[in-house]
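Colleague: The lines below spell out each chain.
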Amino acid sequence: MYKGGADSSARIDAGAPSPAPVTNRRGGPLVAFKQQLRGYAAAFAVTALCTGVAFPVYPSFNITNIAMLYLLGTAWVALRHGRGPALCMSVVNILLLDYLFIPPLFSFEIEDLPYTFTLVVMLAVAVIIAHLVVSIQRHRERAEISAARMAALYALSRELSGALDAAGMATVAVRHISDTFHATAELVLADAADGAGLEAVRRVLASGGRCVADSIYEPLRGSRDLQGVLVVHPRGGAAALSAEQLQWLATLAAPLALALERAQSAAAAQTAQIASEQAHMRNTLLASISHDLRTPLAAIAGAGSLIALSDSGLDRDRRRTLGHLIERKARDMTQLVSNILKFAEIESQQARLETDWQAVDELIEHSLRGNEAALSGRRIAISVPADLPLILAEATLIVQIMNNLLQNAAKYTPPGTRIEISARVDGDSMLIVVDDDGPGLPFDDPERVFEKFQRGRNEDSIVGAGLGLAICRAAARLHGGDIRAAESSAGGARFELRLPVRMQPQAVGAALGAGA
Amino acid sequence: MHVILIVEDDDAIQSVLRMLFETNGFRVVLAGTAARGEINAKLHKPDIVVVDLGLPDDDGVNLIGQIRSWSPVPIIVLSARTAERQRLTAFETGADDYVLKPFSSPELLARTRAMVRRHVRGILPMGVLKIGAVSIDMSRRVALDERGQEVRMTPLEHRILESLVRHLGRIVTHAALIREVWGPNCNDARALRVYIGSLRRKLEADPSRPKHILTELGIGYRLVLDAAYEPVRALH
Chain E
829 MYKGGADSSA
839 RIDAGAPSPA
849 PVTNRRGGPL
859 VAFKQQLRGY
869 AAAFAVTALC
879 TGVAFPVYPS
889 FNITNIAMLY
899 LLGTAWVALR
909 HGRGPALCMS
919 VVNILLLDYL
929 FIPPLFSFEI
939 EDLPYTFTLV
949 VMLAVAVIIA
959 HLVVSIQRHR
969 ERAEISAARM
979 AALYALSREL
989 SGALDAAGMA
999 TVAVRHISDT
1009 FHATAELVLA
1019 DAADGAGLEA
1029 VRRVLASGGR
1039 CVADSIYEPL
1049 RGSRDLQGVL
1059 VVHPRGGAAA
1069 LSAEQLQWLA
1079 TLAAPLALAL
1089 ERAQSAAAAQ
1099 TAQIASEQAH
1109 MRNTLLASIS
1119 HDLRTPLAAI
1129 AGAGSLIALS
1139 DSGLDRDRRR
1149 TLGHLIERKA
1159 RDMTQLVSNI
1169 LKFAEIESQQ
1179 ARLETDWQAV
1189 DELIEHSLRG
1199 NEAALSGRRI
1209 AISVPADLPL
1219 ILAEATLIVQ
1229 IMNNLLQNAA
1239 KYTPPGTRIE
1249 ISARVDGDSM
1259 LIVVDDDGPG
1269 LPFDDPERVF
1279 EKFQRGRNED
1289 SIVGAGLGLA
1299 ICRAAARLHG
1309 GDIRAAESSA
1319 GGARFELRLP
1329 VRMQPQAVGA
1339 ALGAGA
Chain C
2 MHVILIVEDD
12 DAIQSVLRML
22 FETNGFRVVL
32 AGTAARGEIN
42 AKLHKPDIVV
52 VDLGLPDDDG
62 VNLIGQIRSW
72 SPVPIIVLSA
82 RTAERQRLTA
92 FETGADDYVL
102 KPFSSPELLA
112 RTRAMVRRHV
122 RGILPMGVLK
132 IGAVSIDMSR
142 RVALDERGQE
152 VRMTPLEHRI
162 LESLVRHLGR
172 IVTHAALIRE
182 VWGPNCNDAR
192 ALRVYIGSLR
202 RKLEADPSRP
212 KHILTELGIG
222 YRLVLDAAYE
232 PVRALH
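Taken in order, these protein sequences are the chains called E and C.
For reference, each letter of the first sequence is one residue, going 829 to 1344 in my numbering.
For reference, each letter of the second sequence is one residue, going 2 to 237 in my numbering.
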């Protein structure tokens, strides 16, 4: 059926969404009727033309030539307007030929029997031509449909290979199927959390039906097992899809199933790789932490036992020195443990920012107060403008960044070093800079200081698993900012922490005006 | 001699605390559980209570609530819990101060003493207060710097300062400060930051390293008068 063919060719044209089949059906017969009417009109026009040409030249042209002329017209009509008009035209032609040209003229009677033969042959030829033309056209349409389908299939495969994971593939497939079949489609994945949904679909499939209650269930069978089920609800009900379209749906399902299977194995491989990387990291971390925790613990245990010794003969000053040593080592360990915990939190990607509006000067103040002892002997300069905007950040994380930067400065610079802390707005971000005139960064590439387990100098006396700056970077990035290291103008180290400054809340603007 | 009740289940910390307070003129009462803590609080009528939050039989916060329901005794939380949310809960339940573990002995001692002094002396009179170099007549709302020049403060700044003075040495949460200054229907903690900043610029010698109006990150502020007062430690 030509109509059906044309219809399905329009529907699989995935690129341009054509009207839904329901509206198609409502407007379809009218359009087809008009087209047919035009075909018949054309047929009569061509007949009239042929007659108009043939009548004046008769009888210098013989009847065979005139019959040929009519056949030519029939062939053209068949080509342009299909079988109906062509057949109708050939009958009219024969009647006209008989009436106008075959003696006796202007009568349907036929004097010579051979003319009857001519007319019958002419009718047969016209019918054959009409059939041939139509079947050629149908072949062409089929070829077009299949080319369009190949293109659609190719487009689907390409989009599927572009999708990153099963969820992305499902989105692509559902969109594609919805467009192609003018239906609502959904994809129930086999490994989805919603196992109950799949179970229900499985039952439908097991009961043997593909079409159940206006829905079509297309199983997606991978090479190993069922990857999922494609559920299609055509807008006109399941009956709206032809057998051909059901076949086409199955064809589309095959690459989808394979792609889903591929995504699943890729995900499994990635999980395995991450697991192995994590295992490696854990081992490195454990070794590093174990060393860094044992060192201060050894000092604490040693100093403690020395104080506890009844006949050690320690004087007051020495006991005090030991006491301070114990406290200092314990504080080092506290910072280390807190870095380890933060590290674990950030790495496990369970770090949820609990942000609030923070005043940068308060964060700096807090961090400085906490590190006063470590920073003793360094000259600290702070330059923070009074009208600095607030930032939306998690206070503990920013303080941790500042703590790590300040402790780094304390660890790696000699007493007397000048440490400058400044904050200012730079473009649409807050720039907090910790700058010193100490010995500077140990690497040619400043970025290396942010790598995990990377320590400035291989001195065992310096505590820290090399996590501090890695955490600074992770914490800064969690906030949508970043941290960079560079050489300071004085030849020391310079760390630039950049955090986004968001729209200031209205009330603060008002308060700034009032407070100034 | 002031009586201090220490509710802490760890033996080592118990003995350190006992040593610290006994050598500094306190009579120490110990409790290893929340239940024991409540009994001892009723039995010994302590002048100050130090509570660990992670107790074996109950959350220390509940103990704070129970004690607070019948006594105004100052309560200091001594805990390893660092999350702001947990610290805020302790303050909202009735804690007066919060010292993080690992703590420094001098700091804990200083805070305890400040708390006991405040509690014994009662609410500060509305006299003249000296914050750094600035003398403030709280009742007349006049502030003078060391050269006798007037330091102008807006009425709102004055009210914030009054609120901090009322809780001298203790942490005042953001919410409490805002309630006392702006009233119950306001909750703009961001405006508060701005006013604190301008107060610091007027009262502190170095506003970027304040010595008197101290920030307790994520919790609130604390006004400290004497320089000998040990600063709080950074959050870990």
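If you're looking for bench data, these hints aren't it; they were derived computationally from the structure.
It is possible that some hints are incorrect.
Quick list of in silico lysine-lysine cross-link-like pairs, DSBU-like style, CA-CA up to 35 Å [claimed, not checked]:
hint : chain 1 : residue 1 : chain 2 : residue 2
1    : E       : K1239     : C       : K102
2    : C       : K102      : E       : K1157
3    : E       : K1157     : E       : K1239
4    : C       : K212      : C       : K102
5    : C       : K43       : C       : K102
6    : C       : K203      : C       : K131
7    : C       : K46       : C       : K212
8    : C       : K131      : C       : K212
9    : C       : K203      : C       : K102
10   : C       : K102      : C       : K131
11   : C       : K131      : C       : K46
12   : E       : K1157     : E       : K1170
13   : E       : K1170     : C       : K43
14   : C       : K102      : E       : K1170
15   : C       : K102      : C       : K46
16   : E       : K1239     : E       : K1170
17   : C       : K43       : E       : K1239
18   : C       : K43       : E       : K1157
Among chain E residues calculated to face chain C with C-beta under 10 Å, some are [stated by the list, open to error]:
hint : residue
19   : M1161
20   : S1166
21   : W1185
22   : A1187
23   : L1191
Stretch-level coverage of chain C by chain E, calculated; a stretch enters the list once three of its residues show a Cβ under 8 Å from a Cβ in chain E [as the list claims (entries may be wrong)]:
hint : stretch
24   : 72-83
25   : 202-210
Please read these numbers as outputs of a predicted model, since none were measured by experiment.
Positions of the beta carbon are idealized from the N, C-alpha and C atoms, including for glycine.
Colleague: Would you pick out the hints that fail for this structure and give their numbers low to high?
Modeller: As far as the earlier hints go, 13, 17, 18 and 24 are violated by this structure, in ascending order.
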